[in-house]
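Throw the hints in and build the complete structure from the sequences for me.
So the sequences go chain by chain: V and G.
The first sequence begins at 29 in the working numbering and counts up by one.
The second sequence begins at 164 in the working numbering and counts up by one.
Derived from the structure by calculation, the hints contain no laboratory data.
Don't take each hint at face value.
[Claimed, not checked] Ranges between beta-carbon positions, derived for each pair:
{"hint": "1", "chain 1": "G", "residue 1": "V175", "chain 2": "V", "residue 2": "P216", "range": "38 to 44 Å"}
{"hint": "2", "chain 1": "G", "residue 1": "L194", "chain 2": "V", "residue 2": "D81", "range": "42 to 48 Å"}
{"hint": "3", "chain 1": "V", "residue 1": "L57", "chain 2": "G", "residue 2": "A171", "range": "55 to 61 Å"}
{"hint": "4", "chain 1": "G", "residue 1": "R390", "chain 2": "V", "residue 2": "R40", "range": "43 to 49 Å"}
{"hint": "5", "chain 1": "G", "residue 1": "Q193", "chain 2": "V", "residue 2": "R38", "range": "21 to 27 Å"}
{"hint": "6", "chain 1": "V", "residue 1": "N297", "chain 2": "G", "residue 2": "T241", "range": "38 to 44 Å"}
{"hint": "7", "chain 1": "V", "residue 1": "F68", "chain 2": "G", "residue 2": "Y229", "range": "43 to 49 Å"}
{"hint": "8", "chain 1": "V", "residue 1": "V62", "chain 2": "G", "residue 2": "T211", "range": "50 to 56 Å"}
No residue lacks a Cβ here, since even glycine has one placed at the ideal position from N, Cα and C.
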Amino acid sequence: MKDFAVRFMRNRPAVVGLALLLGVVGVALLAPVVYPGSPFEMVGAPFQPPLGDYLFGTDMLGRNLTAAVAYGARVSLLIGLVATAIATLLGVAIGGLAGYFGGWVDTLLMRVTEIFQTIPFFLFAILLVAVLTPSLHSVVFAISVVSWPPMARLVRGEFIRVRSREFIEACVSMGMSHRRIIFLHILPNTLSAIIVTGSLMVATAILIEAGLSFLGLSDANIMSWGYIIGAGRSALRTAWWVCAIPGMAILVTVMAINLVGEGLNDALNPRLKRL
Amino acid sequence: MNMLFFLARRLVQGGLIVLVILCLNFGLVQLAPGDAADVLAGEAGAATPQYMAQLREKFGLDQPRYVQLGNYLRRAATLDLGYSFRYGQPVSELIFSRLLPTLLLMGTVLLASVGFGILLGASAARHLNRWQDNLVSSLVVLAYATPVFWAGLMLIVVFSIKLGWFPTSGMEQVGAFYTGMRRALDIAHHLVLPAVTLTMFYLALYARLMRASVLEQASMDYVTTARAKGLTERQIARRHVLRNAVQPVVTMAGLQVGALLGGSVVVETVFGWPGLGLLAYESLFARDLNLLLGIFFVSACLVVVINMLVDIAYALIDPRVKLS
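Written out as structure tokens, the structure reads:
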């Protein structure tokens with residue numbers, strides 16, 4: 029564990045990413061304290077440029093853009109984390125079963141995974157949210173449904189790798205149950221790969237959420253970054269900052285998560301030669 | 164004979180995927196609040212009780228689910244995807260009229276991103292850990308984190324609004340009625356910004372892949388052999404390493420077609436490019452779920468067909484790939 033921390037801290041981009049991520053998390057946690065009112069509240073004249081009365085200026089309805097961006101951080105992180113958690117559970121279950129049992133179970137599950145990887149995933153997410161009517165739940169559901177296939181493929185590969193090792197043969201010959209072998213012996217050995225892929229999936233989930241809410245597919249009562257950009261689009265000529273600033277927030281957050289994920293990868297798999 | 168067998172197998176596989184997608188579509192309609200008649204007609208606006216009853220009878224909603232599914236599949240097989248009330252046109256006609264602009268955009272993006280991605284990736288690998296490499300790596304990190312629609316909007320702010328170099332939206336200048344070469348140039352002028360927006364992301368993806376692939380190939384034994392027989396580094400790179408290193412990039416490009424179609428929804432929306440993606444956005448606004456289902460179905464078919472073509476082309480290019 030200590031080795032891991034030392035290796036992670038030696039990786040400069042990863043440390044920068046971690047610092048940025050902690051900053052975003054801090055903003056998300058503090059948003060209701062600093063801005064107790066609703067982010068939809070009107071605070072002043074519309075179209076105030078940044079660095080005036082308000083740090084990021086105001087949008088076309090005179091709402092404080094700083095508060096909106098701070099509240100948006102909560103939504104993005106929440107949706108990213110929950111959707112990734114669900115997708116990871118799904119992916120680990122499907123990939124694990126396929127990799128452990130092999131044979132027709134593997135063939136069947138991998139065919140299903142292939143189909144989900146073939147269909148245009150963003151269109152599928154749009155369709156799901158549109159059919160289920162836009163809400164926090166339907167957005168999380170749609171993102172989970174389209175993001176599990178890479179996780180399933182990865183976990184399947186890892187399970188096949190570990191399953192062929194001698195100590196698993198020993199477990200089988202001792203008469204251990206499948207459940208015990210899977211949960212006590214194989215899963216712990218694949219955990220580092222799952223953590224790395226999962227952390228990168230959070231970033232993708234945030235990007236998908238931003239895309240959906242940009243198209244207007246988000247809960248109308250929740251302030252999210254994509255929604256602000258989508259709504260500010262019509263005023264691009266007069267107030268470019270309404271679109272620019274939330275986009276920067278997405279960029280910084282996603283980049284921070286990616287850097288941390290890469291850092292985790294390097295620190296958890298030190299023997300892996302990085303190309 | 165081998166080739167025919169391969170083709171038949173791929174066709175059956177592709178057909179199966181299309182079938183599954185149709186079942187998915189059918190399932191989604193069942194998931195939606197209300198029954199299919201509500202979804203198909205109610206959402207579209209004017210729906211009198213008589214009309215609803217007529218619809219229910221037409222779609223056989225009083226029959227068991229499996230009969231309904233059978234009917235649905237039969238209609239889809241003849242490309243009868245229903246009628247769009249908002250546009251007053253059959254869904255299939257509407258979709259095919261929007262297919263060409265999307266294919267133009269996708270083709271341009273695919274060519275540009277694979278081409279420049281290969282160049283950048285190869286350059287990064289040749290100058291490992293020098294500034295060229297670091298520049299490419301930094302660009303990749305940035306491109307991976309940038310929301311595509313936001314990049315498009317920012318390009319509009321800089322190049323259309325501030326500098327006035329490119330038009331903000333559309334595919335052709337409205338009311339100009341250019342013909343021939345003049346028209347092609349006008350379309351190309353409109354194509355630049357949307358194509359650049361999408362290309363930036365995929366370029367990063369392919370550059371990263373190409374870099375890793377070149378480094379992997381460079382450590383192979385055949386490179387040592389080439390060096391031993393006295394070839395220059397340039398000859399080794401051009402004749403041996405690059406040709407082998409390109410393969411994973413081409414494979415990836417084929418696999419990414421589905422994602423590319425999804426990405427074109429937001430880019431077409433941002434730039435008002437009159438393709439399938441913009442149609443999907445408009446159908447969201449019009450609450451025309453049936454049209455959206457049709458677009459999803461046609462896009463999925465498109466991906467299946469393109470994947471199939473890539474597979475076949477791949478087998479033809481590389482004789483080592485077994486047609487089995």
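Verification of the supplied hints:
| no. | hint | in the structure |
| --- | --- | --- |
| 1 | G/V175 to V/P216: 38 to 44 Å | holds (41 Å) |
| 2 | G/L194 to V/D81: 42 to 48 Å | holds (47 Å) |
| 3 | V/L57 to G/A171: 55 to 61 Å | holds (59 Å) |
| 4 | G/R390 to V/R40: 43 to 49 Å | violated (35 Å) |
| 5 | G/Q193 to V/R38: 21 to 27 Å | violated (54 Å) |
| 6 | V/N297 to G/T241: 38 to 44 Å | violated (53 Å) |
| 7 | V/F68 to G/Y229: 43 to 49 Å | holds (47 Å) |
| 8 | V/V62 to G/T211: 50 to 56 Å | holds (53 Å) |
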